[in-house]
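Novice: Mind docking chain B on chain A? Use the hints.
There are 2 protein chains.
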Amino acid sequence: MKASRVLTLQASVLLLLMAPSYSRLTAQEPAQSKIVRLAELEIDQAQLEKYKAALREEIEASIRLEPGVLTLYAMALKDNPTQVRILETYADVAAYRAHLETPHFKKYKAATQGMVKSLKLLETDPILLGTKGR
Amino acid sequence: MKASRVLTLQASVLLLLMAPSYSRLTAQEPAQSKIVRLAELEIDQAQLEKYKAALREEIEASIRLEPGVLTLYAMALKDNPTQVRILETYADVAAYRAHLETPHFKKYKAATQGMVKSLKLLETDPILLGTKGR
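Heads up: the protein sequence lines correspond to chains A and B, in order.
Going by this note's numbering, the first sequence opens with residue 3, and the numbers climb by one from there.
Going by this note's numbering, the second sequence opens with residue 3, and the numbers climb by one from there.
Only chain A is shown next, with the shape it has when bound in the complex (with noise of 0.2 Å):
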């Protein structure tokens, strides 16, 4: 191998290494055709478990198979754990629409049709979005 290319080679993986090094030094990320939104979800009690579980399933398969789909964080409330609330993050409205028509969101809505008691989607503008990113 000649040193050259050794060079080249070093100076690739240094641009490749300080790609991601820089994303997470930055708290502010372009939010303006972004969708958030908070939803708001009461469960039915007897069937908390069971909804848990095909959310946890449905939030699984749109990370890792919808481009547009940038966060789906989900949590329960302490004092009231069958109030559920979810932080919705869509790379745009396309992403959103997209989103909807997936076999893994429409197994999710008719499997828990019968354990939401209530849902609330409050839409957002954000004000910052500050994450470490990964």
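In case anyone wonders, no lab produced these hints; they're calculated from the structure.
Be careful, since some hints might not be right.
All copies of an identical chain are treated as equivalent in the list; a pair is satisfied when it fits inside any one copy or across any two copies.
Below are the DSS-like pairs computed for lysine-lysine, each with C-alpha atoms no more than 25 Å apart in a straight line [stated by the list, open to error]:
no. : residue 1 : residue 2
1   : K80       : K36
2   : K108      : K54
3   : K36       : K108
4   : K36       : K52
Specialist: The following block gives chain B in isolation, referenced to the frame of chain A:
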């Protein structure tokens, strides 16, 4: 440069490059010790822009300076923009306690004291924190 050393370099590079790729594919994060909280705030309408500026400054500093502050996702409800929600994720209790003692947090708290009409902190148990990473 000997061939063996080049191989070692290439192997190290591969390992380094594989690590972030793997994490990007992982939807589930270990969340046992994590603190995940939803803050619900009502802001004085007349001071809303000043409040948002102070919040942005605080989030930017927290994400940049504190290893244990993982996300601070701040958003305003579209239908009621004085209603602000912040999804706060900390690595653990120690990281959260350290956050409260930082100069940037104390500055934010003092500056916004007269702007925040109400503040509710909802402690949560994560169901699944699904994210693409970056």
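Novice: Compare the structure with each hint and give your call.
Specialist: Verification of the supplied hints:
1. Only between protomers do K80 and K36 lie at most 25 Å apart by alpha-carbon distance; the minimum there is 14 Å, versus 29 Å within a single protomer.
2. When the C-alpha separation of K108 and K54 is checked against a cutoff of 25 Å, the pair qualifies only within one copy, where the shortest distance is 16 Å, while the shortest distance between copies is 37 Å.
3. Taking CA atoms no more than 25 Å apart as the test, K36 paired with K108 passes inside one copy only; the shortest distance there is 22 Å, against 31 Å between copies.
4. Taking CA atoms no more than 25 Å apart as the test, K36 paired with K52 passes between copies only; the shortest distance there is 23 Å, against 31 Å inside one copy.
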